[in-house]
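The hints should help you fit chain X onto chain G, whose structure is shown.
Number of protein chains: 2
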Amino acid sequence: MANSAWSEKILALLRRMNNFYLPGSGRAACYRFEIDGAQVGWIPPDVASLLTRYPEVFSPPQGGAVSLCRSLDSYGKRSEAVDAVLQTLRQDSSLTCLRGWRDEKYSVMPKFSDPPLMWMERAATCLFGVKRYGVHINGYTVSDSGEVSMWLARRSPHKQTYPGLLDNVAAGGLAAGVGIKHTLVKECQEEACIPAAIAEKAHPVTTVSYTYEDEEGVFAESQFVFDLELPLEFKPKVGDGEVQDFYLLPIDKVKELLSTDDFKPNSAMVVLDFLIRHSFIEPDTEPCYQEFVAGLHQTLE
Amino acid sequence: MANSAWSEKILALLRRMNNFYLPGSGRAACYRFEIDGAQVGWIPPDVASLLTRYPEVFSPPQGGAVSLCRSLDSYGKRSEAVDAVLQTLRQDSSLTCLRGWRDEKYSVMPKFSDPPLMWMERAATCLFGVKRYGVHINGYTVSDSGEVSMWLARRSPHKQTYPGLLDNVAAGGLAAGVGIKHTLVKECQEEACIPAAIAEKAHPVTTVSYTYEDEEGVFAESQFVFDLELPLEFKPKVGDGEVQDFYLLPIDKVKELLSTDDFKPNSAMVVLDFLIRHSFIEPDTEPCYQEFVAGLHQTLE
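Each protein sequence line maps, in turn, to chains G and X.
According to full-length UniProt numbering, the stretch in the first sequence is residues 1 to 301, in order.
According to full-length UniProt numbering, the stretch in the second sequence is residues 1 to 301, in order.
Calculated directly from the structure, the hints in this document are not laboratory data.
Check each hint, because a few of them may be wrong.
The list treats identical chains as interchangeable, and a pair is accepted whether it falls inside one copy or across any two copies.
What the hints assert, rightly or not - Straight-line C-alpha distance at most 30 Å; calculated BS3-like pairs for lysine-lysine:
#1 K235 <-> K111
#2 K201 <-> K253
#3 K255 <-> K181
#4 K255 <-> K105
#5 K255 <-> K111
#6 K253 <-> K111
#7 K9 <-> K77
#8 K159 <-> K201
#9 K9 <-> K181
#10 K159 <-> K235
#11 K186 <-> K201
#12 K201 <-> K255
#13 K77 <-> K235
#14 K77 <-> K255
#15 K159 <-> K186
Isolated chain G (complex conformation) (with noise of 0.2 Å):
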């Protein structure tokens, strides 16, 4: 059987959102990012060539890995340090990515369970490909007859990155010490006005998790994914201007804008997954339903 010519766009977006993996992608090029031994990231090697002038941060490439300098024993001094390091490439360097600077601080850690080893700017995390975490939620309604219908966001065109797209009604990044439902509460008022009373009844569902990398880096990002129904007299607000204008769409509609250019890539997968959880893809006709589930799980070992 041939696939639509949705599934072949669901599938190409699976596939560029998971470049890393693909054979003759950058990936073997890349140095490990280690601290004390263990891998918390991949570094391009032009980065890693320009963070040989940095040799009391970090350790010349070696085994195929540059590691942060054992003098560096604490959370507080190795964040310290390498946030020197990233301040200086700012004001000197091409390193386009450190213009969209945002003063967050992510943690650094090989896992998600294992206490962090540094912080790290947040525009930074790309030239480490250090995991990222956030949250996305599905803010959705049922009406009195059943009928499913999903709140997008259009995103403002002034926003730093993919201006003017199609996006989640709220998400995140999760800054360093911060708790996922609390980021999810914070995201709901700022960006939808969406009350904390609403916002708290989301309910974690999964995680959808990628790697790409681009002229500007490697993102490794895992989002923690929530559904919100929200009430159908509900209506998100735009309210610290990341968002333009919301939209009530009709799940058909939804489904149709996925394979479009209009949809933020990560959102698009995060509605993908919400697609499938609620049996708006079913198996027997979706002859990619299984590559689908696969390429929304992807995750760097």
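For chain X alone, kept in the frame of chain G given last:
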């Protein structure tokens, strides 16, 4: 934060069920099993060595691959030629898995969305690391106060595989040419006496995928998972004798059993996925949440 004993046992289950991906597994020594240049499985070296006795069916190992002879240029020819070899091996060899011959034909193809290139006896698939697909059903109830309980089966002590262990309310392998929902309805009827009118209300929700190796071969599997809310007054009944008993258990008890050796391993994974999707496991309190989700969806390229 140290992981709880429960989390460690779940991680160990997921590692065991994905041991083919682990460093030091037999994967590096396996040959790719190819049909017309497309990989459809992994053949362990001892099996590859046996197959050299049948040069009219299997080309000798070359470039890390064992291929079907090009002269076998149709679905029918390939299926019959391989079946003849397997019938012979069944008589005179020490391949223990073939003692469990089932006369069940499984489709062989690179991906589920590809047209099948041949069929193969179910019991032989592990010799070729051919991917197997199946259906697992989470049967559960919701009380008037909203409390969720789950129906579990205890497998017959006479089952060929995993006798006497806990299992999903119904499950079964996907035979060549049979639909997924059709298989679900059939298994519900045969194994648990769930009438079609009820079984058809099951919702597809995801797949659970894993690849493990043991002394018999390589087991690459994807299970299509369905949730089925059963009426409170309904009780599954022993049908075709594959099950000895059914239990309705509160979720906390199910969660506790999940980490014991009393559960069929892949069914435990399906239940773990249910607990995550239904928010009985939450990311703020389960540090291994993301690792759990990743471990439920491992797939071979």
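Tested hints:
1. K235 <-> K111: neither (37 Å within a copy, 42 Å between copies)
2. K201 <-> K253: both (26 Å within a copy, 25 Å between copies)
3. K255 <-> K181: both (27 Å within a copy, 22 Å between copies)
4. K255 <-> K105: neither (35 Å within a copy, 35 Å between copies)
5. K255 <-> K111: between (33 Å within a copy, 23 Å between copies)
6. K253 <-> K111: between (37 Å within a copy, 28 Å between copies)
7. K9 <-> K77: neither (46 Å within a copy, 35 Å between copies)
8. K159 <-> K201: Close inside one copy (28 Å), not across copies (44 Å); limit 30 Å.
9. K9 <-> K181: between (32 Å within a copy, 26 Å between copies)
10. K159 <-> K235: The answer is within: 22 Å in one copy meets 30 Å, while 55 Å across copies does not.
11. K186 <-> K201: Result: close within a single copy only, 13 Å intra versus 37 Å inter.
12. K201 <-> K255: Cα proximity of K201 and K255: in one copy and across copies (25 Å, 23 Å).
13. K77 <-> K235: neither (46 Å within a copy, 61 Å between copies)
14. K77 <-> K255: neither (48 Å within a copy, 41 Å between copies)
15. K159 <-> K186: Classified as within: same-chain Cα gap 19 Å, cross-chain 52 Å, threshold 30 Å.
Checked against the numbered hints above, the structure violates hints 1, 4, 7, 13 and 14; every other hint is satisfied.
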